[in-house]
Structures are given as C-alpha cells and as structure tokens.
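Visitor: Chains as they are written, first to last, in this note's numbering: chain D, 1 to 419; chain E, 1 to 358.
Keep in mind the hints are simulated off the structure, nothing from the lab. Some clues are possibly wrong.
[Unchecked claim] Incomplete in silico selection of chain D near chain E, CB under 10 Å:
id: 1; residue: Leu14
id: 2; residue: Phe91
id: 3; residue: His199
Note that the Cβ used here is the ideal one computed from N, Cα and C, for glycine as well.
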Amino acid sequence: MAIEKHHTPMLDQLESGPWPSFISGIKRLRDEHPEARINEMTNDLLGQLEHSYETRKGYWKGGTVSVFGYGGGIIPRFSEVGGAFPKSKEFHTLRVQPPAGNHYSTKMLRQLADSWEKHGSGLVTFHGQTGNIMFIGADTPATQHFFDEVNEYGWDLGGAGPCVRTAMSCVGSARCEMSCTNELKSHRMLVNNFVDDVHRPALPYKFKFKVSGCPNDCQNAIERSDFAVIGTWRDDMKVDQDEVKKYVKTKGRQYIIDNVITRCPTNALSLNDDDSFTINNRDCVRCMHCLNVMPKALHPGDDKGVTILIGGKRTLKIGDLMGTVLVPFKKLETEEDYESMVELAETIIDFWAENGLEHERCGEMIERIGLANFLDGIGIEADPNMLAHPRQSSYIRLDGWDEAAEEWFERQAEQRAAG
Amino acid sequence: MAAKDMREPIESGCPDPWQYMHPSMRKNFGQWKYHEHPRPGVLRHVAYSGDEIWTVKAGTQRILDVFSLRKLCDIGDEFADGFVHFTLRSNIEYMVTEEARVQPLIDALEQAGFVVGGTQNTVAMISHTQGWLHCDIPGTDASGVVKSMMDELIDEFRNATMPNRVHITTSCCQINCGGQGDIAINIQHTKPPKINHDLVANVCERPSVVARCPVAAIRPAMVNGKPSLEVDERKCICCGACYPPCPPMQINDAEHSKLAIWVGGNHSNARGKPTFQKLVAAGIPNNPPRWPEATAIVKRILKAYKEGARDWERVNEWIERIGWPRFFEEVDLPFTKYHIDTWRGSRSSFNASTYIRF
Ligand code: HEM
Ligand code: SF4
Ligand code: SF4
Ligand code: SF4
Ligand code: SF4
C-alpha cells in the first residue's frame, strides 16, 4: 500500500552535494524497503525531522525503557509530536557494545543488519561518540526482541545513565607500529569486569574507560575518559641509524632540523655531523613526534607498559578537565599485571561511589576533595609525575612534613631493593 | 508479560574482536614495524615478518541505512577479504594484503558514492553526535551540519595538503558530546531558559535541577500557587544544564540558540601536552538546512591555517606561534570582551608578561 509521503523541502536540500547523504539513505528505507513498517516509520521520522528544521527545535523526549534484567543501555525516545508522526512516535536507540578496537567481519555486519531490519528502523551508526553501535529507532517491544536476538549471538548492551560506560580502544597492536600495549586486552578486562555496573546504573554519574596504544592518544583518552590507559615505554627508544641517515638524505638536513630536532618539546634530540641521531632518552617525554615523522627509523623501546590517567571529562558541571597522571608506568605482561589494573579501577570506582556527589564525575570529585586526599583514599603514594609542578601557594599546614619525607626515603630504598 | 516468560540476558559485555579481525592483523598483532602513506586515504603498514597490509579509508554518511551498510559489506566481500574496521570518526577501513587490490577497492568505493581519504594531513571526517534526528536536548542538528560542511570540505578530505591533520567536531548542545577539536562548531545559547511553569511540578525533581546549575542561579519557587522554579537571570550563563533533567526549562530557542566556533583542541601529546579548544567566534546563526555562515568561518580558519602553519603544526601550535592578535586578523573575526575567560582558573589565560608581537 502506498504511503503518503511527507513533504520535506528543507531536508531535500541535504541530498545535493558530493558527500554521502544520510537523508537519501533514510529515503531509500522509506521508498525501497520491502517492509511497510520500515517505510512508514522512516517516512514519519523524515516528517518530524523536517518539522525540526522548519522550527529549529527538537521534538524527542526521554522516558524509561529497558530490557528485562537491565536498567540501562537503551536511550528512550518518545515524540512530542507523535500525533502528526505516529509511526515513529517511539524511536528508541539501543547502545550495543562493539568488539574492542571496532573490528568486524562483513558476515557479522550482515547478520546484525538482518536482525535490525526485522525489528527496528534500519538505521544504524558505527559508532556513537561514547563508542557504542547505535541502533537508532525501535519501539518498546522491539527493543526487547532485537536485544534478545543479538544477545544470543554475542552482543550485549552498553551503558547509559550513571554507570560504567562502554569502553573504547584504538586499532593499536592490530595495525599500528606505535602501539606499546595490548589495547584490546585492557579494554575488555576493564569493562567486562564491571558488567553489572554497566547494566544497572547506580553510580554517582558516568565512568568511562578508554585505551590508546601510545601517547598519540587516538582515542582522546586523556580528554574524554575517567580512566585513561595509554601505552608507553621506559627504556631507550629504538633507533635505526641507517634509516635516520636515509631520511636526512631524502628530506634534507634543513627539513630534519626544522621538523624533528627543533620540534622535540624537551630538546632531547640532536643531529650529528654524520647525519645520525643522538637521543637523550632520559629527557625524552615520549611525546611521539619524532617517531611519527620518521616511523621507519625510530621505534618505541622494548620495556613497554602503560601510563594511567584519571578524571578526564567534558564541560558539565565545573568545566572541561584533562585526566591527571595517577600511575606513571605500569607493566602489563602477566595476568596478575592486568588483574592489578582492574583492582585499581575497582578501588577508584568504589571510593568515588562512596564519596562522589550525585551527578559528580570522578575528576570533579578529585577537584573538590584535592588530589592528595584522593590518593590517600585509594592508597596510592604521591609521585612528582602526577604534577606539572609542585605547589605555588604557601597557604598550607606542613606539620606532617618530616614523616612524609621519611616515608619518601623509605619508599625509594624499597624500590631500589626491589630493583 | 509475566517475568517467567522473559529471557534472562547473557551479560557477555564487550565482544572479543579476535574473531572479526583481518587474518593478517591477527598474525602480525603487536609486530608492526612501520607505515607509509602512498596516497590520501591509503596506508601501507609493514610488519617485522615482512607482511604488508594496505588500508583504504572511506567517509560515509555515518547514519547508515541497511542498504548502505550492505553495500559497504558487498565491497568488503568483493574487493577486500570480508573484514572492516571503523575509526573513531566513523570512517570505514578495508584491509588488503596486495597492492594490486588497492585501486579496484578505491574505484568500487567511489563508484558507490563513498569518499576515499581522511588519512594524515587531511581535514578528517567531522566527528558528530545526534541532534534533532535523535537527541532529546539538541539546539541544532548534527548530521545536517556535518553533511553541509563536508560537501564544502570534501577536497580537503580527499587531498592531504594541510600542515597536519585537522579534526573538526560538532556538538548540538553545550554538553558537547562532540569533544575537543582543532575546530569545533557548538551550540551556544544566548538567553536564559523560558520556564513552562505548568509542567515543572509534574515532571521535574526540583532539588536535582537546582543542583545541576553551575552558577546556582535556580531556586525553588511557588508560581501561580504551584511549586515551580525560578532563574536569577543576572546570574544565569545560559548553559542549558538544567534542561536535560527538567524539560520545562526551555533553553532551546529558534532565534537565540546560536552557533559558536572554537579552535585549538588537540588530544595528542605530540610536541606538546593535549590542549582544550578556545572560543573564537559566536553569534553565528543556527541556519538549517545548510548553515552557510558557520561553514564560511570554518573555511576562513582552514585557509589561514593552511597558508600560515608550518609542517606538523596543529591549529593550536600554529596560533601559539603567530599569537592570538594575528589569528583574529588573519581569519577576519572580531575580538571582544567575551573572549576573556571568566570561569574558574581564568587568570592563567591572561598574559602576565611583556610577550607581545608587533
Ligand atoms: C539527558 C541527557 C543526555 C543525553 C540524552 C545524552 C546523550 C548522548 C548521546 C546520544 C551521546 C552519543 C552521541 C553520538 O555520538 O551520537 C552522548 C555522548 C556524550 N555525552 Fe551525553 N547525553 C546526555 C547528557 C550528558 C551530560 C550531562 C554530559 C556531560 C556532563 C554528557 C556528555 C557526553 C559526552 C562527553 C559524550 C561523548 C562521549 C565520549 O566521548 O565518550 N552527556 N550523550
Ligand atoms: S594511539 Fe598510538 S598505538 Fe593507538 S592507533 Fe594511535 S598511534 Fe597507533
Ligand atoms: S618522542 Fe618526543 S620527546 Fe621523545 S625524543 Fe622524540 S620528539 Fe623528543
Ligand atoms: S551534543 Fe548535546 S544535543 Fe547533541 S547529541 Fe550530545 S547531548 Fe544531545
Ligand atoms: S541555563 Fe545554566 S546557568 Fe541558566 S539556570 Fe539553567 S543551569 Fe543555571
């Protein structure tokens, strides 16, 4: 049966131009999909979107929808103009956790597409900014049916609300020579330890894990996650001097001086008279720049591990925060290494769950109570790597100084003894 | 339905990617040696084993209909090995192990209307969010803004001729799920919320709305004999934070919800520590369906950056070198008292030196 198509003159203007058009895609679902349910649903979706374009207002409101046994993972959307656009009046999104590193076989994508068009609108995004596959557009019964179906073949919902959220990791070891860690393993061990906290929102607010294989931080982990795991190394970077010389030869000395030597943030590089490099590895801060410019010649060292930063987040409520170094270097080789990282995450989440205010991110709590108190609370010793510089203000009581200094020397001695 | 009829979920969490990973990536996991950039949209990675893998990256409409998704799968089956990878910015990547298969793959993608590019010194795909299509709080659309802008920036996506990569983000409310970008186009409200007093009592938990406000501008109040809220409009910074927990706090306004442009956000540690973006332009009309005013400013910024920045300088580094006065001059944007930060920590953004460029 032919449907009465909404008139969409504004959206139609988004069909011209060379970039692929999402409007054309939605229209194909309306016009060419064999199922009337999808034709009608996408027709009304276009109608409502056109209405938004005309009035410059959104018309979705939230609500409560979840699948049996879970409290989160669905973004409920009910239309405020459902009278005019009844077929898309319930248009919920399912947040489904992607495989770590976002790898897919086409076979699996087709299976997901088949399930989705059976129950939902046929619109999907790989991926939302939080990292989930977003299956956009299903009514309440369909969210359950779709979830039941894909959950049987290996897919689970991500987080929504005050809970541990879906994690993200870069492509890393799978295809990047900069990688210093197994991103996939950290990603899955961390987030899958908290499945209960993902599915049943009961924390002060959201908590995100993100993993980047090196300080290029392709996952924006420092800026966008409460718990950032970033690969690094602590021995000397590996230098292939023959390749260095080849770069100098092909690019020219001036290029190497202007683009590598003088761009090192800590002046750790020098170009020798024979066109080889000398690298002061103790000054190098592992910024990645020289490795990025000369990937054939320079490589991370062999003693690899991760740096962990805590408390990154965006604007609300106190302003944007970057993560702060909590663990300058951690080896991740044995199962116990990984487990101790997961335990650290548990300790932090427990402390925050107890001490965070409602709707307060972990970084905001640290800002409120102070980094020193936070470290006390989770049992981690202060380390100069946590700071850009020591305090500037003299307004502090220092009567515990002598003991703290004593403890520092003891810890140093212990570390030396442990080698 | 009675609970006994309901299916218990399998709490499997994040799936193991190993089963979906290209065989060559599995084989050489953690053993890659270096990469090259033979042309925009293509990367060649070489492993210590001597294996090579070519990656072809393509931009899509992000909001995929199942037809487009299946088309992407068809291309993967016919021209790659049936495996794909999605990037953080929602591009699709195909991997092949022989150079001869690269060009046919590129041709197939372009033939199907997808755009090959987005690697290294390109304007990468704009990372975006939901907007009017699906969010419950948006002041603008996201997919439409991005489609309009990418139509104009497509050559910069296809050709890697920028000084360094350019990451653009958009956000359709001031929560900013788009994140930090070299350039960010975000909603900025300019008037306090209009309160629908009839609804507050029914739908809002008043104490949590009061607590949400960053400047304590909201107070519980009785209006027309009913419990409601009032906003101290002299304090209100029009951030919209009260709107998600309380939809009657109507912050979105067809006229007064504007766009603002920010520059210099950079998540990488390369050459300098990560940086937050800074406000450069505001009061830009929220003008669907193609938002030409915002795109025009973005293009001016990109032009000045492309002409003025040195190799490897990201937008923030370029501005740090040339200074803010020259930045405003070069992109022909007004500098106003609103550029002076007033939020916590603002003092560290003032120039406490005689460093001035003449
Ligand atoms: C009712 C309120 C909210 C809704 C419905 C909502 C919805 C969303 C959605 C749909 C996304 C993914 C967007 C996409 O990529 O398509 C997202 C991401 C995000 N949201 Fe929210 N959001 C809400 C509140 C907030 C608040 C209060 C904050 C900040 C304090 C926030 C911060 C973010 C951030 C930073 C992201 C990006 C995630 C990342 O980088 O991992 N959201 N949100
Ligand atoms: S963060 Fe580092 S390891 Fe991961 S993809 Fe980026 S450059 Fe590679
Ligand atoms: S990685 Fe960065 S800090 Fe280290 S030597 Fe290279 S440019 Fe300098
Ligand atoms: S930026 Fe704001 S309006 Fe846009 S999707 Fe995110 S929460 Fe919704
Ligand atoms: S818009 Fe922001 S500042 Fe104004 S009342 Fe609402 S939360 Fe407070």
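Visitor: If a hint holds in the structure, say so; if it doesn't, say that too.
Guide: Hint check:
{"no.": "1", "hint": "Leu14", "verdict": "holds, 5 Å"}
{"no.": "2", "hint": "Phe91", "verdict": "holds, 7 Å"}
{"no.": "3", "hint": "His199", "verdict": "holds, 6 Å"}
Against the hints set out earlier in the document, no violation occurs for any number.
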